[in-house]
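Colleague: Single-letter residue listing:
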Amino acid sequence: MACTKVRGNEVLYSVYSVLALVFVLMACVELCDASAVMDVYRLIQYDLSGSPFGSRRASLNHHAGSALFSPGTDLSRTVIMVPVRELNITLLRDYLTNKYPLGGLLLLLSKKSAEEKDTNTEEDVGFMRSVLSEIEQFLIHANIPYPVYFAHEEEKVDAILADVKKNDATGQPATATTGGFKLVLSAPEPKKLASPTLTNIQGWLPGLKGEGDGAQLPTIAIVASYDTFGAAPALAFGSDSNGSGVVALLEIARLFSRLYSNPKTRGRYNLLFGLTSGGPYNYNGTLKWLRSFDQRLRESIDYAICLNSIGSWKNELWLHVSKPPENAYIKQIFEDLSTISEQLGITIGLKHKKINISNSRVAWEHEQFSRLRVTAVTLSELSAAPEQLEQTGGISDTRHIVNETSVLNGIKLVAESLVRHIYGYHGKSFEIFADDSSLAINPFYVRQWLDLISRTPRVAPFLSKNDPLIAALKKELSDHTVDVHVQHEVLDGVFTFYDLITAKLHIYQVASVTFDLFILLMVGSYLILLFSFLVITTRGLDDLISIFRRPPSRKVKTA
Amino acid sequence: MTLFHFFNCAALTFGPHAVYYSATPLSEYDTFGTCVKAALVYLGTALVKLVCLATFLKVQENDSFDPYQELLKALIGFIDVAGLYFALTQLTHRNISQNHKFQAVGLGWAFADSVLHRLAPLWVGARGLEFTWDFLLQGLEANANLVLNISLAALGSLMWLRKNKPKTLIPIIYLSAGILATMPSITSFLARANDHHPEYYEEAFFESSIIVSLGDKLGYKEEYSVVSH
Numbered sequence: 001m002a003c004t005k006v007r008g009n010e011v012l013y014s015v016y017s018v019l020a021l022v023f024v025l026m027a028c029v030e031l032c033d034a035s036a037v038m039d040v041y042r043l044i045q046y047d048l049s050g051s052p053f054g055s056r057r058a059s060l061n062h063h064a065g066s067a068l069f070s071p072g073t074d075l076s077r078t079v080i081m082v083p084v085r086e087l088n089i090t091l092l093r094d095y096l097t098n099k100y101p102l103g104g105l106l107l108l109l110s111k112k113s114a115e116e117k118d119t120n121t122e123e124d125v126g127f128m129r130s131v132l133s134e135i136e137q138f139l140i141h142a143n144i145p146y147p148v149y150f151a152h153e154e155e156k157v158d159a160i161l162a163d164v165k166k167n168d169a170t171g172q173p174a175t176a177t178t179g180g181f182k183l184v185l186s187a188p189e190p191k192k193l194a195s196p197t198l199t200n201i202q203g204w205l206p207g208l209k210g211e212g213d214g215a216q217l218p219t220i221a222i223v224a225s226y227d228t229f230g231a232a233p234a235l236a237f238g239s240d241s242n243g244s245g246v247v248a249l250l251e252i253a254r255l256f257s258r259l260y261s262n263p264k265t266r267g268r269y270n271l272l273f274g275l276t277s278g279g280p281y282n283y284n285g286t287l288k289w290l291r292s293f294d295q296r297l298r299e300s301i302d303y304a305i306c307l308n309s310i311g312s313w314k315n316e317l318w319l320h321v322s323k324p325p326e327n328a329y330i331k332q333i334f335e336d337l338s339t340i341s342e343q344l345g346i347t348i349g350l351k352h353k354k355i356n357i358s359n360s361r362v363a364w365e366h367e368q369f370s371r372l373r374v375t376a377v378t379l380s381e382l383s384a385a386p387e388q389l390e391q392t393g394g395i396s397d398t399r400h401i402v403n404e405t406s407v408l409n410g411i412k413l414v415a416e417s418l419v420r421h422i423y424g425y426h427g428k429s430f431e432i433f434a435d436d437s438s439l440a441i442n443p444f445y446v447r448q449w450l451d452l453i454s455r456t457p458r459v460a461p462f463l464s465k466n467d468p469l470i471a472a473l474k475k476e477l478s479d480h481t482v483d484v485h486v487q488h489e490v491l492d493g494v495f496t497f498y499d500l501i502t503a504k505l506h507i508y509q510v511a512s513v514t515f516d517l518f519i520l521l522m523v524g525s526y527l528i529l530l531f532s533f534l535v536i537t538t539r540g541l542d543d544l545i546s547i548f549r550r551p552p553s554r555k556v557k558t559a
Numbered sequence: 001m002t003l004f005h006f007f008n009c010a011a012l013t014f015g016p017h018a019v020y021y022s023a024t025p026l027s028e029y030d031t032f033g034t035c036v037k038a039a040l041v042y043l044g045t046a047l048v049k050l051v052c053l054a055t056f057l058k059v060q061e062n063d064s065f066d067p068y069q070e071l072l073k074a075l076i077g078f079i080d081v082a083g084l085y086f087a088l089t090q091l092t093h094r095n096i097s098q099n100h101k102f103q104a105v106g107l108g109w110a111f112a113d114s115v116l117h118r119l120a121p122l123w124v125g126a127r128g129l130e131f132t133w134d135f136l137l138q139g140l141e142a143n144a145n146l147v148l149n150i151s152l153a154a155l156g157s158l159m160w161l162r163k164n165k166p167k168t169l170i171p172i173i174y175l176s177a178g179i180l181a182t183m184p185s186i187t188s189f190l191a192r193a194n195d196h197h198p199e200y201y202e203e204a205f206f207e208s209s210i211i212v213s214l215g216d217k218l219g220y221k222e223e224y225s226v227v228s229h
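Line by line, the protein sequences give chains A and B.
What the first sequence shows, in our numbering, is residues 1 to 559, in sequence order.
What the second sequence shows, in our numbering, is residues 1 to 229, in sequence order.
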């Protein structure tokens, strides 16, 4: 008895294990069966001193629609797919201000403009850029209660969008009853990021100490902020702002490392190269970096040149200063720069903007230096100081808007002016970094770095301490300079960021309920027909009729 | 909504078997046991067939038509016939007429085939959000398969169980038996001729099964007439 019980238990257990296996298999197989899976990039979500901005949701499970309709249609369960160039920003603003419900927004960025660089005129590029940055600024500064994603236009997506449009054109927007496409993205609730780190990288090129010199040589700092901020953190490549500045800094470091490697040409100035982070957040990283210097070092800095966005197609640059232009240093720098820019065929202007200490906004990187009483200038293509989170390398700032020639010219301009200052050849016309000399600027090096930088999103809160990009920048600096030091700081201030910046969106083609009902009807009638046919052929018509007359047919037989 | 679709497809795939059982006199003579036994025999046969396929067939790297491999495949296909033979002749059935026996065996056989081949894909696929026609087509295929299997059982019972076969029918019976046995080879050959497209394969299978089952229906009708005589 006991034996059989045990055996029964064993059988039960084996059945259980088989069942468990079956369930596990079922769970595994169901993972991916969508008609299209695509990478999507979520709109940034952040709090600015407690008030929420950006997209506040992440998960999607709605039908696809193609356009914002006039208010009145219920879009609370529809995700609008719309190419960015067709997006009506006033309508969207209306939607937000009137708090109309919307299931979600999928903005499609065209990839074509990036690839067909040759066919696009500069005006086109500029137009697209201005449209994109308008939308970006709007999205960054809005509080959007539904998920917003960016995606690239691909063939598959285009086909789906065309289908959705056709479907919408026939009448009502798609809901559960009319079928169409369903966009599914399951994501957890976005979580706050714990204290974002800012990583500054610095490198030195020590000058030649003469016999009679004091303990400390004067220092010239070349600084560029490398991080970005944009509507989609995973798409904030910032090729121009401030990828161009970073590339210029690296190339200048390379040129001067060659110059300084020979004791005969080594200047009597230390060169300090600094790649700073936190640029979009009032140059918080620069501030931390400067504060980490001791007083003596800070006082030894003769002046600092900050490079910011120097790769545009426009052929003009601006020198932004916060000290009055009558200041001797600034006069000297500007004179040097303007003589060289004349040779290069660039126009250069001087802009003076006073610092308002009570205002927390720091518009230019040099202002952080100036606040600490270090003479500094910013070289930029921008004629006016950008607002906060503006011109920080967002989705519109991609590789194709950067003009390599401008970057090369910028590099030459800064390098030549540095040479004039270091060796004291003011006002003379000569060219150290001539194109065919051994000290020529290497356009391939510049292009490669531009390409790399333009492929790497660099929003500081989403860059880890040992991100490959930081490692690469550190390695590049240590190839050309000495005492390379990486400094990690915590971003202080009013920003709180949320995670989830990329996700996979599944697009399913779904059938409508009415279609399912129709199929049910067809299958049911088929089965009934089959039943009747079989009964009639095997038992005769009378039997069939008798089944319907008196359902319990067996009783008929026994009776 | 997707469970709905699953239900539809399941009804189309497995409904006809139930309908066949309840509508024909099979239900009146309580042939359920025979159906279950036939299904079990099918299970065993499928297992043996799998083992044979795995042992004797080489994995084909390219899609070439290898006559030797196809011959082997056809021979392995005969294992089905052997299984059916076993189910028809060796199983101790309750005392039911030959007429009902082959129907019950065919039905059990077809049902087991449907469950083994179609239930798992249906469960996995048709409940997903994505809509495809595949599972509805699969349901139609199950219907064709039911007809094919019952005809096959009818053919078997004609060959092995009937003592006095009408002379004129014998060549037709053996011809259909031959066609059925070489079916997998024919379909694979057709599929290759038709641009290697899997859909063509299904279509070809569907069509040829209908053709063959029509031929068999003839034999089966004849048998009816013989029985009634």
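Think of the hints as simulated: they come from the structure by calculation, not from any bench.
Glycine is no exception: its CB is placed at the ideal position from the N, C-alpha and C atoms.
Treat the hints with care, as some may be off.
To list a few chain A residues with every Cβ distance to chain B over 12 Å, as calculated [said to hold, decoys possible]:
no., residue
1, 353
2, 383
3, 516
4, 524
5, 534
Not the full set, but computed from the structure, chain A residues with beta-carbon under 8 Å of chain B [what the hints assert, rightly or not]:
no., residue
6, 131
7, 186
8, 204
9, 505
10, 510
11, 519
12, 525
13, 541
14, 545
15, 548
Colleague: Each hint: holds or not?
Modeller: These are the hints, each one checked on the structure:
Every Cβ of chain B is farther than 12 Å from the Cβ of residue 353/A; the closest lies at roughly 56 Å, confirming the non-interface assignment. Remark: the non-interface label on residue 383/A is consistent with the geometry, its nearest Cβ contact in chain B lying 52 Å away (cut-off 12 Å). Residue placement check: residue 516/A does not keep its beta carbon more than 12 Å from all beta carbons of chain B (closest about 5 Å). Chain B draws residue 524/A into its interface by the beta-carbon criterion, the shortest separation being 8 Å against a cut-off of 12 Å.
Taking the minimum C-beta to C-beta distance to chain B, about 4 Å, the non-interface status of residue 534/A is violated against the 12 Å cut. The closest approach between the C-beta of residue 131/A and any C-beta of chain B is roughly 35 Å, which is over the 8 Å cut-off, so the hint fails. Proximity of residue 186/A to chain B is violated relative to the hint, the smallest CB-CB distance being about 12 Å (cut-off 8 Å). Checking residue 204/A against chain B: minimum C-beta separation of about 59 Å lies over 8 Å; hint violated.
Among the interface hints, the one on residue 505/A is violated; its C-beta lies about 13 Å from the nearest C-beta in chain B, farther than the 8 Å criterion. With 8 Å as the threshold, the beta carbon of residue 510/A comes within range of chain B, its nearest partner Cβ sitting at about 5 Å, so the hint holds. Hint on residue 519/A holds. Least Cβ distance to chain B is approximately 5 Å, under the 8 Å limit. Evaluation of the residue 525/A hint against chain B yields a violated restraint, the C-beta minimum of about 11 Å exceeding 8 Å.
Interface hint status for residue 541/A: violated, as the beta-carbon distance to the closest one in chain B is roughly 13 Å, over 8 Å. The closest approach between the C-beta of residue 545/A and any C-beta of chain B is roughly 14 Å, which is over the 8 Å cut-off, so the hint fails. Evaluation of the residue 548/A hint against chain B yields a violated restraint, the C-beta minimum of about 13 Å exceeding 8 Å.
Checked against the numbered hints above, the structure violates hints 3, 4, 5, 6, 7, 8, 9, 12, 13, 14 and 15; every other hint is satisfied.
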